[in-house]
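Take the given structure of chain U and dock chain V to it, following the hints.
Chain residues, written in single-letter form:
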Amino acid sequence: MKLEMSNIAFTRLQRECKEVVTNTEIAQTGIMIEILNESLTDIKGQIRGPPDTPYAGGLFDLEIKIPDSYPFSPPKIKFVTKIWHPNVSSQTGVICLDILKDQWAASLTLRTVLLSIQALMCSPEPKDPQDAVVAKQYMENPALFKSTAEFWTVRFARGKSGENEDYKSRVEKLRDMGVREEEAISVLSCNNWDLNKATVYIFS
Amino acid sequence: MTDAENEIELQDQQFKQIENEQKMFPLVADRLPFDLVILDYDAETSPDYYNKAKELANTYGEIRQIRGDGNCFYRAVFVGILEVCMKNEEKAKQFLETCLGWNDRLLKLGFPDWTTNDFCEVFTDWFKKVVNKETTSEKIFDDLNDDSQSNYLIIFMRLITSGYLKEHSEDYAPFIDDGRSLADYCSTEIEAMWKDADHLGISGLVLATGYNIRIEYMDRTAAPNGGWHYDIPADCNETPEISLLYRPGHYDIIYHK
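Heads up: the sequence lines are chains U and V, in that order.
With my numbering, letter number 68 in the first sequence gets 68, and the count goes up by one each step, no holes.
With my numbering, letter number 106 in the second sequence gets 106, and the count goes up by one each step, no holes.
There may be inaccurate statements among the hints.
[Said to hold, decoys possible] Listed below are the simulated DSSO-like cross-link pairs for lysine-lysine, each with C-alpha atoms no more than 30 Å apart in a straight line:
(1) K76/U / K23/V
(2) K93/V / K129/V
(3) K78/U / K195/V
(4) K76/U / K16/V
(5) K195/V / K76/U
(6) K133/V / K87/V
(7) K127/U / K195/V
(8) K65/U / K23/V
(9) K139/V / K257/V
Rather than coming from a laboratory, the hints here were simulated on the basis of the structure.
Keep in mind it's a predicted model, so treat the numbers as computed, not measured.
Isolated chain U, as found in the complex:
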């Protein structure tokens, strides 16, 4: 086993992982991690969609990469599960969150970071968007944003609430034209579920 990070950092990270795995709060907070390799550089995170948000009931997976210079540089974290949120790229899952960039402090831990991401799911910051299209919809048409984010939660995050039949049928129409499901949902969402606009966008 090759250790890139120092032994001190490795020991700390082991403790951090334990903190999240065994934390008694886990049932309440709904965050968890799974270690993917022995050197602890690849970690899978999971956040349960917070109640009273369009993400409620969903399970969101995150990719966590620990850099050699951890904890002096932030972990690299992005959503693997597709999510419709102003501060997360709907294409790549990249998260716009200050503590993952210039506000990182070595005193933060994986637990605090995951809790911050969960808090971001509760309170989007549309003025500092990662995804401009989503942010625009969030500010201009909150109801549409909510139903879109809920649809994504059901489709991509194993959400259990009922699916929006209207949206479902529009996705089906695009699929009948040979469009992949993911692309269909993404393009429809970006075009405020206007089937004509979405069709023009895809086929022109």
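Chain V alone, transformed into the frame defined by chain U:
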């Protein structure tokens, strides 16, 4: 990729490049003759700097260069303290006491407990070996030049600097511009690695460690007939044991003849 992501990617690459260039220099170099500083300036094209360097060379015999990675002030002061402690057992014990005391002081200020305990323990365990002479000078400087080991020593310096500023928040808060709180300022400017120290950082570290410093400024404004230096704190009575040479954006350690 979106423009924002491209930009981040580009920034990352630029940082990486600067970082790689910086890594050509040791974190803490050996003590070398001060004349090296004179060689950096040309008597014809920059006579002010050249003359200032020559004047300083009358007082200072050696220089120890520190890598310019944004930690240079903290690292320079820490190495300066360490050298004092390596020569003086009493002072070493005293500094260990100060550092041990900081653990509780930080927790009282609300620093998150187990990461803070971790940083404090790593630092004091390391420094105890210096105090108890369970390590050699060679090993000490190896550790100082080992990125991951020395990062832990530097973060401790940063935490106690932040701690001191927070303990005296009434004195320091008025100096922070752009409407940020002291806590905000400390977490983004002081506790964050690779961020240069400004005057608050300088004052905080000096008072947190109890080690006064003298800074010799290598710039045009400081040139008039030499001997223009700043002692920190300004009202310290004795000549500080640690002297730093400031060249725009960077600190190295210098040694009296």
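Hint by hint, here is what the structure shows:
The hinted pair formed by K76/U and K23/V meets the criterion: a straight-line CA distance of about 23 Å does not exceed 30 Å. The suggested pairing of K93/V with K129/V holds, with an alpha-carbon distance near 11 Å, which does not exceed 30 Å. For the hint pairing K78/U with K195/V, the CA-to-CA distance comes to about 25 Å; that is within 30 Å, so the pair holds. With a C-alpha separation of about 16 Å, the suggested pair K76/U and K16/V falls inside the 30 Å cut-off, and the hint holds.
For a cut-off of 30 Å, the pair hint linking K195/V to K76/U stands: about 20 Å separates their Cα positions. For the hint pairing K133/V with K87/V, the CA-to-CA distance comes to about 11 Å; that is within 30 Å, so the pair holds. Taking the CA atoms of K127/U and K195/V, the gap is about 26 Å. The hint holds against a cut of 30 Å. Between K65/U and K23/V the alpha-carbon distance is near 23 Å, which keeps this suggested pair within the 30 Å criterion.
Restraint check for K139/V and K257/V: the C-alpha separation of about 26 Å stays at or below 30 Å, so the hint holds.
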